[in-house]
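Asks: Using the sequences and the hints given, assemble the complete structure.
Protein chains in written order, with full-length UniProt numbering: chain A, 1 to 424; chain B, 1 to 424; chain C, 1 to 424.
Please keep in mind that the hints were generated in silico from the structure rather than gathered at the bench. Worth double-checking, as some hints may not be accurate.
List time: in silico SDA-like cross-link candidates among lysine to any residue, alpha-carbon distance up to 20 Å [to be verified]: (1) C/K15 - B/F128; (2) B/K401 - B/W315; (3) B/K15 - A/G389; (4) C/K136 - A/E127; (5) A/K15 - C/E127; (6) B/K136 - C/E387; (7) B/K401 - A/H123; (8) C/K136 - A/G389; (9) B/K153 - C/E127; (10) A/K153 - B/E387.
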Amino acid sequence: MPESVSVDALIARRKPGHSLEAPFYTSQSVFDLDMMAIFGRHWIYVAVEPEIPEPGDCVTVNIGRASVIILRDDDLQVRAFHNVCRHRGARLTPEGASTVGNLVCPYHQWTYGLDGRLLFAEHMGREFDTSCHGLKPVHVRSVGGLLFVCLAKEPPSDIDALAAAIEPYIAPHDLRHCKVAHSEDLIELGNWKLTMENNRECYHCVGNHPELTVPLFEYGFGFSPDSLDDNRRVHAERYDALLTESCQRWEGMGLPSREIDRLTDVTGFRTQRLPIDGSGESQTKDTRVASRKILGSLSERSLGGLSFWTQPNSWHHFMSDHIVTFSVLPLSPDRTLLRTRWLVHKDAVEGVDYDLKALTEVWNATNRQDGDLVAIAQAGAASPAYEPGPYSPHTEGLVEKFCAWYIDRLSAHQGVAAPVEVAA
Amino acid sequence: MPESVSVDALIARRKPGHSLEAPFYTSQSVFDLDMMAIFGRHWIYVAVEPEIPEPGDCVTVNIGRASVIILRDDDLQVRAFHNVCRHRGARLTPEGASTVGNLVCPYHQWTYGLDGRLLFAEHMGREFDTSCHGLKPVHVRSVGGLLFVCLAKEPPSDIDALAAAIEPYIAPHDLRHCKVAHSEDLIELGNWKLTMENNRECYHCVGNHPELTVPLFEYGFGFSPDSLDDNRRVHAERYDALLTESCQRWEGMGLPSREIDRLTDVTGFRTQRLPIDGSGESQTKDTRVASRKILGSLSERSLGGLSFWTQPNSWHHFMSDHIVTFSVLPLSPDRTLLRTRWLVHKDAVEGVDYDLKALTEVWNATNRQDGDLVAIAQAGAASPAYEPGPYSPHTEGLVEKFCAWYIDRLSAHQGVAAPVEVAA
Amino acid sequence: MPESVSVDALIARRKPGHSLEAPFYTSQSVFDLDMMAIFGRHWIYVAVEPEIPEPGDCVTVNIGRASVIILRDDDLQVRAFHNVCRHRGARLTPEGASTVGNLVCPYHQWTYGLDGRLLFAEHMGREFDTSCHGLKPVHVRSVGGLLFVCLAKEPPSDIDALAAAIEPYIAPHDLRHCKVAHSEDLIELGNWKLTMENNRECYHCVGNHPELTVPLFEYGFGFSPDSLDDNRRVHAERYDALLTESCQRWEGMGLPSREIDRLTDVTGFRTQRLPIDGSGESQTKDTRVASRKILGSLSERSLGGLSFWTQPNSWHHFMSDHIVTFSVLPLSPDRTLLRTRWLVHKDAVEGVDYDLKALTEVWNATNRQDGDLVAIAQAGAASPAYEPGPYSPHTEGLVEKFCAWYIDRLSAHQGVAAPVEVAA
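Replies: Okay, here's the thing in C-alpha cells:
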C-alpha cells in the first residue's frame with residue numbers, strides 16, 4: 001500500500017543514487033503535488049518565438065489543467081495570459097496556433113486586447129467595471145527565442161542567470177530567425193519523470209537507438225573504465241581527444257562550447273557542445289546537414305551539437321543547420337506529452353533546401369523508442385515487486401542530478417528538511 | 001486544492017450573481033452529492049408517454065448508477081421500477097425501448113408482472129416467499145404526457161402545483177396523441193450544471209446559433225438597455241409590442257401564454273409562450289411548420305413557441321405542429337447526456353406530412369453548438385486560474401435562478417443554513 | 001454511500017446464503033484488498049506446462065499490477081520471477097509467450113540467467129555486487145501440468161493436499177503431453193467475483209447456453225425437487241442413475257471420478273467426473289470428440305467430463321480428447337480477464353485430427369453469453385436499489401461456497417472474527 005506513506009516521508013527517505021520509490025511514478029497525489037510544486041512554480045519550456053512572429057499570433061499550451069495563451073502584442077512584445085474568460089471561465093482559444101485581432105471569447109463575445117485588458121462585454125450594465133476583469137497574466141520569458149512560462153505569482157529569479165549564461169551559446173544559431181519546419185506530439189505511457197530520466201542518460205542508447213547512435217558517440221555520455229577492453233579503450237581515448245580538440249577549435253571561432261552545469265539551481269540547466277560522429281555536421285542518419293541554409297552567423301557545417309538541458313521539462317539540440325527542441329508536459333501519473341519541434345532557417349525551402357524526412361527521422365525514431373522504454377519502466381515501477389535500483393555512477397550521474405533536484409524542489413515546497421545523503 | 005474545501009463551506013460562501021466555484025463543476029465528491037441530493041430526491045424528467053402507448057411497452061432510463069424501467073401496465077397505468085432483479089441484481093431490461101409480456105430476468109428467469117410482483121422463481125425451494133421479492137417501485141408522474149420520476153422514498157409534493165399550473169398550457173398540444181419522430185443522444189463534455197446554465201440564457205445565441213436565431217428573437221431573452229443604439233432600440237420596442245399583442249391574442253383564443261415563474265419551488269419551473277420570428281409558426285429554419293398535421297385541439301399555425309423549463313434537468317418547446325423536449329442526465333463530473341426528442345401528431349406520415357431533416361435541423365445544430373460551448377466552459381472551470389465571474393443582470397437572470405435553486409437544494413439536503421445574499 | 005462502510009464491517013455483517021453487498025463488486029478499495037489478500041496470498045492458476053516445453057520458453061502473466069515470468073530453466077525445472085528489472089524496474093518480457101537464452105532487460109541490457117541470477121550489468125563499477133540484484137522469485141507449482149503461482153512470501157502449504165488429491169484424477173489425461181490448440185482472452189465488464197459466481201452454478205444454463213446444454217445435463221448441477229412435474233422427475237431420476245452407473249464404470253477402469261469437495265480449504269478445490277449427454281464423449285456441439293487423438297493413457301472416448309474447480313480463479317474440464325482450462329484475472333473493480341485455453345494431444349494435427357471451430361465453438365459461445373450476464377449483474381449491483389438477494393438452496397450452493405470462502409479468506413487477512421452464520 002505505497003499510497004499510505006506521506007509524501008513528506010517519501011521525500012525524507014529518498015535514497016540518493018537510486019531510482020525513486022514507486023509512488024513518485026504512480027500516485028495521483030504525488031502527481032497533483034508535481035503539478036503544483038514543480039509545474040506550478042518553475043519556469044516551464046513551452047514554445048519558440050518563431051511560432052508567434054507577428055502581432056496577434058498566439059500559441060495555446062495546456063500545462064495540466066491550466067491553459068496558457070502566449071501571443072505577440074502589437075508592440076512586438078511576447079505576452080502570456082491564463083486562457084480563462086473572466087465571465088464564466090470559457091477557454092478563449094483552442095490548443096495550438098491561432099491568429100487574432102483581439103481575444104474574443106466564443107461564449108458571449110467578451111473581448112480582450114492583446115495586452116489582456118477587457119475591451120468590451122455586452123449586457124453587463126452600467127455598474128460593471130471592465131478594468132477589474134482583464135485576463136490574468138502569466139510570466140513569460142524568451143531565452144534566445146525559447147519561450148518559458150511560470151504560473152507562480154513570483155517566479156524564480158535565477159532565470160536571469162540562466163539567460164546570461166546560455167544566450168552566448170545559442171545566439172549564433174539565431175533561433176528567432178528560424179521557422180518551425182515540423183512539430184510532433186507523442187504521448188508516452190509513463191510518468192513525466194521517467195521521460196526526463198530517460199533523457200538524462202545514454203546508457204540505453206547502444207541497445208535501443210540504432211538511428212541516433214550514428215551521429216552520437218557512445219562514449220559521449222559516460223562509461224565505466226572497468227568495463228573497457230583494449231579495443232574499446234582506444235576508442236574512448238580517441239573520443240576524449242576529439243572532444244578536447246573540437247572544443248578548442250569551436251571556442252577559437254567564438255562559439256562558446258564548454259560544459260556549464262548548474263543543474264542544482266532552482267532554474268537548473270546544463271549545456272555543452274559535443275562532437276558528432278561521421279562527417280560531424282548534424283544529428284541525421286548520414287551525419288550531414290539536413291538543411292543547406294546554415295543558421296544565423298554561423299559559417300561552417302561541422303559544429304557538432306550544442307545541447308541545452310533544463311529542469312524540469314526540456315532539452316534542445318542546436319546544430320549548424322537545424323535546431324530540435326523538446327518540451328515535456330505531464331498529462332496524468334502515467335501519461336506524458338512529449339512535444340518535439342524541428343526548426344530550420346526561415347528562408348529554407350522544403351524540397352529545395354531541406355527534406356522533411358531526412359530532417360526528422362532520427363529524432364522521430366528515437367522518440368518512439370524512448371516512449372517504449374518509458375512504458376516498460378512505468379509498468380515495472382507500478383509492480384508490487386518494484387524497489388528503487390542503483391544508478392550507474394558512470395553513466396547515470398545526470399539522472400541522479402535530475403532526481404536530486406526534483407526531491408530538493410519538492411522538499412522546499414513542503415517545507416521539510418532536505419533528505420540527508422546516506423551511503424548507497 | 002479546491003477539493004480540500006468542504007461542500008458545506010462552498011455552499012455557505014457561494015456568491016450570488018456569479019458562476020459557481022470550480023469544485024461544483026469538477027469534483028467527484030460534489031458530483032456524488034448531486035446524484036444523491038438533486039437527482040436522487042427531485043422529480044427528474046426522463047421520457048414521454050408516447051414511448052409507451054400499449055400495455056407491456058417499457059422505456060429504461062439510467063440516472064447515474066440507477067436504472068429505472070417505466071412501463072404501461074395492463075390497466076393502462078404508467079408504472080416505474082428499479083431495474084434490479086431481486087435475486088442477484090441483474091438488469092432486467094437494457095437501456096431504451098422494449099416490449100414485454102412479463103419482466104423476465106435474463107439471468108435465471110425470475111419473472112415479474114407489469115405491476116412488479118414476483119410471479120415465478122424456479123429452484124428457490126418451499127420456504128421462499130415470492131411476496132417479499134417484488135421489484136422496488138419508483139415514483140412516476142405524467143404531467144400532460146411528460147414523464148417525471150423521483151427516486152426518493154418521499155418525493156416533493158409540489159409536483160401537484162406544477163401539474164395544476166402547466167397542464168392548461170400544454171393540454172391543447174395534446175402530447176399524449178403525438179409520436180416520437182426522432183430521438184438523439186448527445187454527450188456533452190461538461191458538468192450537467194453547465195448544460196443547464198447554457199440553457200437558461202440566450203446571451204450566447206447571436207454569436208453561436210445561426211440556425212436558432214432565425215426563429216428566435218434576439219430580444220426575447222433580455223438585453224441591457226444601455227447597450228442599445230437607436231436602431232436596436234426600435235427593434236427591441238417592436239419585439240415588446242409583438243409580445244404583448246401575441247399574448248393577448250393567444251389568451252383570447254383560450255391558450256394560456258403568460259409567464260409563470262416558480263423557479264424557486266422545490267419542483268421549480270417556468271413557462272411562457274413566446275413569438276417566433278418570420279412567419280411565426282415554428283422553430284425551423286424557415287420559421288414555418290415542419291409538420292402539416294396540427295396538434296391536438298389547435299386550429300392555427302402561428303402560435304409561437306410555448307417553452308416550459310423545469311429544475312433540475314429539462315426544457316420543452318411546444319409549437320402548433322411539433323414538440324421538442326430535452327432531458328439532461330449527468331454521467332460524470334465532466335460528461336453529461338443530453339437526450340432530445342421531437343414529437344409530431346401521431347397520424348403524421350414521414351415524407352408526406354413532415355420531413356425529418358427540416359423537423360430536426362435547428363435543434364440538432366443548436367445542441368452541437370451548445371455542446372462545444374459547454375466543453376470550453378468545463379475546461380476553463382477546471383483551470384487553477386478560474387474564479388467565479390459575474391452574470392449579466394440583464395441576460396443571465398435565469399442562470400442565477402438556476403444556481404440559486406441548486407445551492408438552496410444542496411443546502412437543504414446538507415442541513416446547513418442557506419447562504420445570505422450579499423451585494424454582487 | 002456504501003463506500004463509507006469499513007470493509008471489516010462489511011465482512012462481519014455478510015449474510016450467508018445471499019449475494020454480497022454492492023461494495024464487494026464495485027469499490028476500488030475492496031478491489032485493492034482483493035488483489036492483496038486474495039490474489040497476493042493464494043495459489044493463482046495462470047498457465048499450462050505445454051506453453052513452456054523447452055528451456056528458455058517463457059510465459060508472462062500480469063496479475064493486477066504484478067507481472068510474473070514463468071519459464072523453463074535449462075535443468076527443465078519450471079521457475080517464476082517478478083518481471084521487474086532490479087536496475088530501474090523495467091519489464092523484461094512482454095505479456096504472453098517468448099523464448100529467450102537469458103533474460104535481457106531491453107532498457108540497459110542487464111542480463112539475468114534462467115535461474116534469475118544477475119549475470120551482467122555494464123557500467124555499474126567495481127563496487128557493484130551482482131549477487132544482490134537477482135530477479136525476485138515467485139513461487140510456482142505444477143499440478144499435473146497446470147501451473148499455479150503464489151505472490152506471497154509464504155504460500156499456503158495445502159497445495160500439497162490439493163495436488164495429492166487431484167493428480168490421480170487428471171494424470172490419465174496427460175496434460176504435459178498436450179499442446180495448446182487455441183487460446184482466447186475475453187474481457188468481461190464485471191467484477192471477478194461475478195465471473196466466479198457465474199461459473200459456480202448452472203441455474204442460468206437452460207435460459208442462456210443453447211450450445212453448452214447440448215453436452216451438459218440440465219440436472220447435473222442441482223434442482224429443486226418441488227418444481228419438477230412428473231415428466232421432469234423421470235428425467236432427473238434417469239440422470240441420477242446414469243451418474244451412479246457411469247461413476248462405477250469409470251472407477252472400474254481405474255479413472256477416479258467421485259466428487260471431492262474441499263472448497264473450504266485455503267487452497268480450496270472441488271472435482272467430479274460427470275456424464276455427457278448424447279454420445280457421451282465431449283463438450284462439443286455434437287457431443288462427439290473434437291480430436292481423434294485420444295489423450296494419454298486413455299483407451300476410450302466416452303469418459304464424460306472431469307471438472308476441476310479451484311479457489312479463487314480457475315476451472316478446467318478434462319475429456320478423453322481435449323482439455324479446456326479457464327483462468328480469471330481481475331483488471332479493475334468492473335473489468336475481468338477470462339483466459340481460456342483448449343488443449344489437444346501434442347501429435348494431433350489441425351485439419352486432420354481436429355477442427356478448430358468444432359473444438360472451440362461451445363465454450364467460445366458460452367463465454368460470450370456468460371460475459372453478457374456478468375455485465376448486467378455488475379450494472380445491477382452498482383445500482384443504489386441493489387440489495388443482496390437469496391441464493392437458491394438447490395442450485396446455487398457452490399456460489400455460496402465461493403462467497404463463504406472469499407469472506408473467510410478476507411476475514412483471516414484482516415484479522416477480524418469470521419462472520420457468524422445466521423438463518424438466511
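Asks: Indicate, hint by hint, whether the structure satisfies it.
Replies: These are the hints, each one checked on the structure:
1. C/K15 - B/F128: Since the Cα atoms of C/K15 and B/F128 sit roughly 16 Å apart, the hinted pair holds (cutoff 20 Å).
2. B/K401 - B/W315: holds, 15 Å
3. B/K15 - A/G389: With Cα atoms ~52 Å apart, B/K15 and A/G389 exceed 20 Å; violated.
4. C/K136 - A/E127: Violated, because 71 Å separates the two Cα atoms, which is more than 20 Å.
5. A/K15 - C/E127: holds, 17 Å
6. B/K136 - C/E387: Distance of about 11 Å is within 20 Å: holds.
7. B/K401 - A/H123: OK: B/K401 and A/H123 at ~18 Å, within 20 Å.
8. C/K136 - A/G389: Between C/K136 and A/G389 the Cα gap is close to 13 Å, so the pair holds against 20 Å.
9. B/K153 - C/E127: violated, 72 Å
10. A/K153 - B/E387: Holds, at roughly 16 Å.
Hint compliance for this structure: hints 3, 4 and 9 are broken, all remaining hints hold.
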